[in-house]
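A.B. asks: Residue strings, one per chain:
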Amino acid sequence: MKIFAIYSSKGGVGKTAGAVNLSYSAAQCGHRVLLCDLDAQGAASFYFRVRPGKKFNGKKLLQGGLKKFIRASDYERLDLLPAHFSFRNLDLVLAKLEEERRRLALQKLFKPLADEYDVLIMDCPPNLTLLSENIILAADSVVTPVIPTTLSLVALKQLLKLFRKVGAKEKRINAYFSMVEPRKVMHRDMIAQYEQYAIFRKVQIPYLAEVEKMGLHRQPVAAVSPASIAAKQYTSLWLEIWNRSIGG
Amino acid sequence: MNGGQPFLIPRQLDVADLLASTGELFTVQESGEESFKGIYYDTFDWRLFAADLRFSRRGRLYFLQNRLGDSLVEAGVGPRRKKLFWWDFPEGELRNLLLPVVEQRALLPQFTLAGRMRRVNLLNKDEKTVVRLVFQEITGQAQEQRFILEPIVLVEPLRGYEKQLQQVRRLLEDAGLSEITDGYDPVAMAQTALSIDPRDTSSKFSVELAYGETVAEAVRDICLHLRSTMLLNVSGTLEDIDSEFLHDLRVSVRRTRSLLSLMKKQLPVEGVKHFQAEFKWLGNVTGPVRDLDVYLLKEQEYRDLLPEELQAGLTLFFKDLSRRRKRALKKLRVHLRSARFIKLLQNWEVFLRGLPEQPDYPQGKRRCRSVADAIISKRMNRILRQGQAITAETPDEMLHELRIEGKKFRYLLEFFRSLFERDAVDEYLKHMKKLQNTLGDFNDLAVQKDMLSRQLQNLEPITRTRLATAAALGGLIVQLHTHQRQVRGRFEETFNAFASEENVQLMEKILAGIDEESSVEN
Ligand SMILES: Nc1ncnc2c1ncn2[C@@H]1O[C@H](COP(=O)(O)OP(=O)(O)OP(=O)(O)O)[C@@H](O)[C@H]1O
Ligand SMILES: [Mg+2]
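If you read the sequences in order, they're chains A and B. For the first sequence, our numbering begins at 1 and goes up steadily by one. For the second sequence, our numbering begins at 1 and goes up steadily by one.
Just so you know, the hints here were simulated from the structure itself, not pulled from any lab data. Among these hints, one or two may not hold up.
[Claimed, not checked] No farther apart than 27 Å at their CA atoms in a straight line, the calculated lysine-lysine pairs in the DSS-like style are these:
no.: 1; chain 1: B; residue 1: Lys204; chain 2: B; residue 2: Lys430
no.: 2; chain 1: B; residue 1: Lys319; chain 2: B; residue 2: Lys331
no.: 3; chain 1: B; residue 1: Lys163; chain 2: B; residue 2: Lys264
no.: 4; chain 1: B; residue 1: Lys331; chain 2: B; residue 2: Lys83
no.: 5; chain 1: B; residue 1: Lys326; chain 2: B; residue 2: Lys365
no.: 6; chain 1: B; residue 1: Lys83; chain 2: A; residue 2: Lys68
no.: 7; chain 1: B; residue 1: Lys365; chain 2: A; residue 2: Lys67
no.: 8; chain 1: A; residue 1: Lys67; chain 2: B; residue 2: Lys128
no.: 9; chain 1: B; residue 1: Lys365; chain 2: B; residue 2: Lys273
no.: 10; chain 1: B; residue 1: Lys83; chain 2: B; residue 2: Lys280
no.: 11; chain 1: A; residue 1: Lys96; chain 2: A; residue 2: Lys202
no.: 12; chain 1: B; residue 1: Lys433; chain 2: B; residue 2: Lys365
no.: 13; chain 1: B; residue 1: Lys280; chain 2: B; residue 2: Lys330
no.: 14; chain 1: B; residue 1: Lys343; chain 2: B; residue 2: Lys331
no.: 15; chain 1: B; residue 1: Lys378; chain 2: B; residue 2: Lys331
no.: 16; chain 1: B; residue 1: Lys408; chain 2: B; residue 2: Lys264
no.: 17; chain 1: B; residue 1: Lys378; chain 2: A; residue 2: Lys213
no.: 18; chain 1: B; residue 1: Lys298; chain 2: B; residue 2: Lys407
no.: 19; chain 1: B; residue 1: Lys82; chain 2: B; residue 2: Lys331
no.: 20; chain 1: B; residue 1: Lys125; chain 2: A; residue 2: Lys213
no.: 21; chain 1: A; residue 1: Lys67; chain 2: B; residue 2: Lys163
no.: 22; chain 1: A; residue 1: Lys96; chain 2: A; residue 2: Lys67
no.: 23; chain 1: B; residue 1: Lys128; chain 2: A; residue 2: Lys68
no.: 24; chain 1: B; residue 1: Lys128; chain 2: A; residue 2: Lys232
no.: 25; chain 1: A; residue 1: Lys157; chain 2: A; residue 2: Lys202
no.: 26; chain 1: B; residue 1: Lys82; chain 2: B; residue 2: Lys326
no.: 27; chain 1: A; residue 1: Lys68; chain 2: B; residue 2: Lys163
This structure is a prediction, so every number in the text was calculated from the model and none was measured.
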């Protein structure tokens with residue numbers, strides 16, 4: 001099982017849109033996928049029309065037994081671990097653990113899922129906390145959407161710093177340009193300046209009305225219009241990230 | 001389809017009404033219709049079915065599934081023929097799975113099933129699917145006969161929505177639908193619709209005798225059973241569907257002859273003499289084709305025994321065998337269509353049915369079980385004596401004799417199995433089988449060697465191709481000889497295992513006990 005974290009410390013950069021659509025693409029490619037909605041806002045769960053179970057809580061989650069909270073999506077091979085407000089407490093719970101155990105907490109949590117899923121994708125909240133550290137440690141790959149603006153790049157620099165802090169290898173970062181508007185000069189400039197960096201993937205996700213409308217349809221874009229540009233871009237992006245993750 | 005729970009829909013129930021009733025709890029969303037049509041194949045004796053395998057062709061593709069419809073391998077291509085053998089499929093997993101079950105039998109189209117599947121999603125207030133329903137209607141056709149299977153609905157659960165699943169199940173049960181708890185198997189349902197009992201064509205011998213049966217009744221029951229097996233295999237032999245028809249036909253003839261010889265003293269001599277002669281004739285006229293079949297089935301095995309340089313020589317040899325088989329089959333067909341054969345089976349039936357009431361036949365009135373006891377212990381002692389007398393210096397003929405004794409003894413136990421404690425008999429037969437296999441291998445190798453040597457001597461005039469054949473045959477003879485010596489070397493050990501104190505005691509226990517199943521009836 002490969003673990004992917006869709007993470008950025010900056011809000012509104014397209015993390016959830018990425019997590020939802022990459023999960024769907026992965027399942028379409030034949031992988032058994034679990035999308036973990038780690039954001040207490042539950043946007044990813046909302047897109048899949050899934051509500052959390054009543055007894056869901058973060059403390060219990062860390063003690064294992066995560067399987068019974070999993071719910072099937074409407075799509076083949078794609079399941080969901082829904083969000084819950086008590087994810088907020090995850091940080092507090094983690095803080096109580098000793099350093100060594102904390103590092104491994106998430107990894108231990110996901111281990112029992114390895115025989116059921118090929119791919120685990122985490123939709124992460126936009127912050128820089130203990131939880132973020134743990135997510136980075138647990139993930140095989142950290143996928144980070146970057147809007148081609150100066151402000152967004154700040155978040156990327158923060159991520160690199162965090163990687164150094166926890167001693168994780170930079171190679172595990174997959175950055176991609178998100179919500180790209182080629183008409184904008186700044187976007188073009190920023191991309192030209194940064195696209196050759198090794199952490200950036202080739203495939204970009206343009207700014208597209210179809211993605212914006214996901215909130216209305218409450219379905220992945222490819223489920224509504226499989227032939228759309230957005231659907232194709234997300235699948236290409238998935239394949240690029242996946243191939244890199246198995247190719248080493 | 002996997003993981004769905006099947007429910008039978010009563011005929012008078014309207015599916016639309018059913019869906020309307022779920023409407024109070026869920027939104028009903030149609031999500032498409034599919035249809036499928038498959039030709040289902042199995043061997044004459046339903047070997048795949050017995051092994052819980054379902055094999056069908058849809059268009060160009062062949063599907064191998066378990067009884068619940070789960071695919072066991074990726075669908076594969078194969079020829080579109082009325083009759084298929086495992087070797088007609090390309091090398092690969094599909095073929096590997098078919099081979100050990102089907103062996104040399106032909107796969108025949110048994111029936112066609114055509115189905116319509118209608119998928120329906122049940123949605124909650126968020127319009128999230130919580131349960132899926134698949135309605136299935138299947139019709140079938142076998143030759144001219146059409147049939148309809150009872151319609152079903154598969155209830156497919158979605159992870160995390162167990163409560164909703166229970167609600168749907170309750171709704172269905174309240175509406176009069178019943179769950180098929182051991183899973184939905186359309187092939188078994190089609191068999192029922194066509195009144196097919198796969199056991200009817202099974203080649204495994206099994207006859208039910210009542211505990212109190214007399215000798216005459218038991219002989220009648222066993223021989224009538226064997227007679228129907230002969231009849232069952234005639235048309236497949238005539239049509240030359242696969243080599244097993246003739247084989248099974250011959251085995252039932254051999255069994256019949258064996259019973260007549262084992263029970264010689266218990267039968268009316270004059271009446272039986274004629275049939276003994278006739279069954280001997282039947283054994284003889286069916287022999288040549290079977291002998292050739294044995295070699296033809298060994299083609300690959302023989303090739304594998306030889307180094308590549310010599311293998312080409314076998315091609316001509318097998319071509320020649322095929323030609324000879326064609327001629328032999330023609331003759332066999334004449335015999336199987338002859339008045340002599342038809343009369344034999346007719347008269348045999350009349351004779352058997354009248355056997356219990358035959359006048360001046362007091363032996364026939366004896367209780368079969370006590371007679372069986374005596375014959376079994378006599379025969380067992382004879383085998384033990386013969387086997388113990390065999391040493392490394394004993395001529396091969398003694399082993400052949402022991403093999404024949406052993407085979408008769410095995411038939412004997414199988415004939416009367418139902419009069420004894422079956423499990424114990426089966427256990428004993430299992431031990432016997434090891435000995436019989438060794439003796440059988442030894443004999444087969446001897447026979448093959450002889451046949452190949454004869455072929456070698458008849459290769460005239462010597463041409464270049466015949467020379468290659470001669471080299472190949474020579475190579476084979478050496479191989480078979482080595483193998484035969486190895487088998488012989490194992491004999492003593494195998495025999496001692498069979499003649500062990502434990503096995504002798506097992507037989508004593510069998511003879512002392514009564515069979516509970518049959519004795520209940522008395
Ligand atoms: N490629 C895109 N084209 C157009 N709109 C997009 C695109 N990607 C995301 N959006 C829209 O931008 C908004 C923010 O996106 P999203 O929720 O995916 O970001 P996020 O990083 O998960 O935000 P948060 O940090 O709040 O979790 C949403 O309304 C979404 O529909
Ligand atoms: Mg988000």
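A.B. asks: Now look at each hint and say whether the structure bears it out.
C.D. replies: Now the hints, each set against the structure:
Pair hint Lys204 (chain B) plus Lys430 (chain B) holds up; C-alpha atoms about 15 Å apart against a cutoff of 27 Å. At most 27 Å may separate the alpha-carbon atoms for a hinted pair to count; Lys319 (chain B) and Lys331 (chain B) meet this at roughly 19 Å. As the CA atoms of Lys163 (chain B) and Lys264 (chain B) are separated by approximately 71 Å, the hinted pair breaks the 27 Å bound. Our distance criterion of 27 Å between C-alpha atoms is met by Lys331 (chain B) and Lys83 (chain B), whose separation comes to about 24 Å.
Restraint check for Lys326 (chain B) and Lys365 (chain B): not satisfied, since their Cα atoms lie roughly 48 Å apart, outside the 27 Å limit. Proposed proximity of Lys83 (chain B) and Lys68 (chain A) is contradicted: the alpha carbons are some 50 Å apart, above 27 Å. Of the pairs offered as hints, the one joining Lys365 (chain B) and Lys67 (chain A) is violated, with about 71 Å between alpha carbons and a cut-off of 27 Å exceeded. Distance restraint check for Lys67 (chain A) and Lys128 (chain B): the Cα-Cα separation of roughly 20 Å lies within the 27 Å cut-off, and the hinted pair is therefore satisfied.
The straight-line distance between the Cα atoms of Lys365 (chain B) and Lys273 (chain B) is roughly 20 Å, inside the 27 Å bound, and the hint therefore holds. Restraint check for Lys83 (chain B) and Lys280 (chain B): the C-alpha separation of about 32 Å exceeds 27 Å, so the hint is violated. Proposed proximity of Lys96 (chain A) and Lys202 (chain A) is contradicted: the alpha carbons are some 41 Å apart, above 27 Å. Distance restraint check for Lys433 (chain B) and Lys365 (chain B): the Cα-Cα separation of roughly 33 Å exceeds the 27 Å cut-off, and the hinted pair is therefore not satisfied.
For the suggested pair Lys280 (chain B) and Lys330 (chain B), the alpha carbons sit about 20 Å apart, so the restraint of at most 27 Å is met. Restraint check for Lys343 (chain B) and Lys331 (chain B): the C-alpha separation of about 18 Å stays at or below 27 Å, so the hint holds. For a cut-off of 27 Å, the pair hint linking Lys378 (chain B) to Lys331 (chain B) is broken: about 41 Å separates their Cα positions. With a C-alpha separation of about 13 Å, the suggested pairing of Lys408 (chain B) with Lys264 (chain B) holds against the 27 Å cut-off.
A C-alpha spacing of about 90 Å is found between Lys378 (chain B) and Lys213 (chain A), which places the hinted pair above 27 Å, so the restraint is violated. For the given pair, Lys298 (chain B) sits about 23 Å from Lys407 (chain B) by alpha-carbon distance, which is consistent with the 27 Å threshold. With a CA separation close to 25 Å, the supplied pair Lys82 (chain B) and Lys331 (chain B) stays within the 27 Å bound. Restraint check for Lys125 (chain B) and Lys213 (chain A): satisfied, since their Cα atoms lie roughly 20 Å apart, inside the 27 Å limit.
Taken as a hint, the Lys67 (chain A) and Lys163 (chain B) pair is honoured in the structure, with Cα atoms around 16 Å apart against an allowance of 27 Å. Taken as a hint, the Lys96 (chain A) and Lys67 (chain A) pair is honoured in the structure, with Cα atoms around 24 Å apart against an allowance of 27 Å. Annotation: proposed proximity of Lys128 (chain B) to Lys68 (chain A) holds, straight-line Cα distance about 19 Å (limit 27 Å). This hinted pair checks out: Lys128 (chain B) and Lys232 (chain A) have alpha carbons roughly 25 Å apart, not beyond 27 Å.
At most 27 Å may separate the alpha-carbon atoms for a hinted pair to count; Lys157 (chain A) and Lys202 (chain A) meet this at roughly 19 Å. The hinted pair formed by Lys82 (chain B) and Lys326 (chain B) meets the criterion: a straight-line CA distance of about 21 Å does not exceed 27 Å. This hinted pair checks out: Lys68 (chain A) and Lys163 (chain B) have alpha carbons roughly 13 Å apart, not beyond 27 Å.
Hints 3, 5, 6, 7, 10, 11, 12, 15 and 17 from the list above are not met by this structure, while the remaining hints are.
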